[in-house]
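Chains as they are written, first to last, in this note's numbering: chain D, 358 to 695; chain F, 358 to 695.
Read the hints as simulated data drawn from the structure, not as lab findings.
Accuracy of the hints is not assured; some may be wrong.
[Stated by the list, open to error] Pair by pair, the computed Cβ-Cβ distance ranges are:
1. F:F438 - D:S571: 19 to 29 Å
2. F:D368 - D:S571: 34 to 44 Å
3. D:D648 - F:M358: 27 to 37 Å
4. F:K555 - D:F451: 18 to 28 Å
5. D:S448 - F:S691: 26 to 36 Å
We treat Cβ as the ideally placed atom computed from N, Cα and C, and that holds for glycine.
Take a look at the letters that make up each chain.
Number of protein chains: 2
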Amino acid sequence: MPEMRKNLLTDNWVIMAPERAKRPHSHISLDVGHLHAEHHHECHFCYGNEHETPEEVLAYGRKTNIANSPGWELRVVSNRFPAVDMEKQFSENFIQPLEVSSYAEGRAEVIIETPHHSKNMAFYNLNEMERVLNAYKERYIAISQEKHIKYVIIFKNYGKKAGASISHPHSQIIGIPIIPPVVKQELSLAKKYYKDKKKCIYCDMINRQLMEKSRVVLENEEFICFMPYAARSPFETWILPKFHSDSFEFMDNLQIKKLAEILKAVLYKIHEATDNAPYNYFIHTSPVKTDTAEYYHWHVELVPRTTTHAGFELGTGIYINISTPEENAKLLKSIKLS
Amino acid sequence: MPEMRKNLLTDNWVIMAPERAKRPHSHISLDVGHLHAEHHHECHFCYGNEHETPEEVLAYGRKTNIANSPGWELRVVSNRFPAVDMEKQFSENFIQPLEVSSYAEGRAEVIIETPHHSKNMAFYNLNEMERVLNAYKERYIAISQEKHIKYVIIFKNYGKKAGASISHPHSQIIGIPIIPPVVKQELSLAKKYYKDKKKCIYCDMINRQLMEKSRVVLENEEFICFMPYAARSPFETWILPKFHSDSFEFMDNLQIKKLAEILKAVLYKIHEATDNAPYNYFIHTSPVKTDTAEYYHWHVELVPRTTTHAGFELGTGIYINISTPEENAKLLKSIKLS
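Just chain D, same shape as in the assembly (with noise of 0.2 Å):
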């Protein structure tokens, strides 16, 4: 039974799902004998081997009508080895004085953004990666339609040491009936800003770096990409809408578009500057059925892997980097886009 546990001396909860330490790690690569091939007869996630995975949800790109077959372009299945399911609800429970628990109720999806089994996201054209984003706002809006979901979280691992355990690309998409911890500080803050200045504290940050411009990679009319100020590690990147909008499955087709540019540049960039590193990256945006539309802005957190937090980092909640976001900002400035 998946089982969520609090730590009550931290108010943190932690998924507890052993049943994924079963789950294949599959890192294929195509070996030289294979460079040309597109797809590995051992890939759940690649042409032929639809049936290894559970039933589709959604499906792009097929010309013929027959689900789970070859064909697509995107496809967005159930998670095999899910930590959190329907099947049960969430209920917060003393099972002792000091011992919280509740069923792990909630969704968890991959989205198999590309049929090719080794295409990297930072080389992705422009319609494959809109597509990813489309998948994401579609079942984004699904997923938050639920019963009892409270918050629903788009994530991405990529390479192995940033959690990848399968190298074919794809993503996720996660369903919880709780707001996360990091997203409640992060609301709170926001909240008490606007209380105080009747202004969004993410707005105000945008019209700051576009005049200070030493940590700004990218722009184009919907979008900005920054470091910020405080950047965690070395490459941390961010990427919010220029416009003041909380709530990420608002994005119309053309504002898609333009996330699409940036998003796909941004990776491009990192992906030479850091010799491809693991990264991972994720959406913040407003918890479900919740108004924070004055004082939220949703936004993409990107962080390449190249350094480890250690036991400080562990044992304080601060961390250290060895690097600064306005000597990142600049390299990544320098590299041409292809």
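Mind docking chain F on chain D? Use the hints.
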């Protein structure tokens, strides 16, 4: 200049330490030809290379009076690539409306635990382990008495994947001018519990673990070692004094001996269970000159790095543990001490 910056969106500090990018990464293995050699001429922490480190602030076991010469059994030196230093004072300044910065004041030292280049802490004898803990206490007391220091964190990074940049056995101790957010949260929840129940939440937790037993790995007269109910990752293990005490540095000699005994035993068990996995441990104790005597309880948190926290954990602050503390504790208990 070592700088600290505050993230106003989360209230967390980051130490910017680009100098640390220049520190040497030295994972020198003694090869077969050197199997019986204990020292390595290229390692800065080995006998004969004492001049490669800053001057020692403490040494145990040397038979001569010549500081910074071989013959020591344990040696403490300033960190040659410190993230913080004492040259200027901490002071939180708004250098721009949204940019909070300070000089990164503090004291960073390295405890070279043994002259033996390849010795694993899991195989230290009791004397060696006691020596390390005595050095922790002695340097803790010295650093905590320095001006402006509000918190002193002692930690160990073992193995490259746990962030160790040098393989010669060592721990670190860092004094900083703020109370770290992770500790603040523990203090605030423990204080609330004490206010409600007039009891220490950690003492209650120890009693519960002793009653329930399924997560207790080891105990002796003075200490208990268990896996927390909401363990964040496989084999996360805590060691706490059974007697109520908020401050690590109040340990007497007998208690140090008893802590050495239990730390040595649990490290050995984890070494065997995880096939020598990298790990971090750190000591959470009361902030300097802060009265937490009634409600706080110092402890060691030991975090083997057998899995990678990825996008979900970074984005939410919720952990997915692919094992349970009960199954981990059962395995550790089954491992006989050599």
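Hints and how they fare:
no.	hint	in the structure
1	F:F438 - D:S571: 19 to 29 Å	25 Å, holds
2	F:D368 - D:S571: 34 to 44 Å	24 Å, violated
3	D:D648 - F:M358: 27 to 37 Å	43 Å, violated
4	F:K555 - D:F451: 18 to 28 Å	19 Å, holds
5	D:S448 - F:S691: 26 to 36 Å	34 Å, holds
Violated hints, listed in ascending order, are 2, 3; each of the other numbered hints is respected by the structure.
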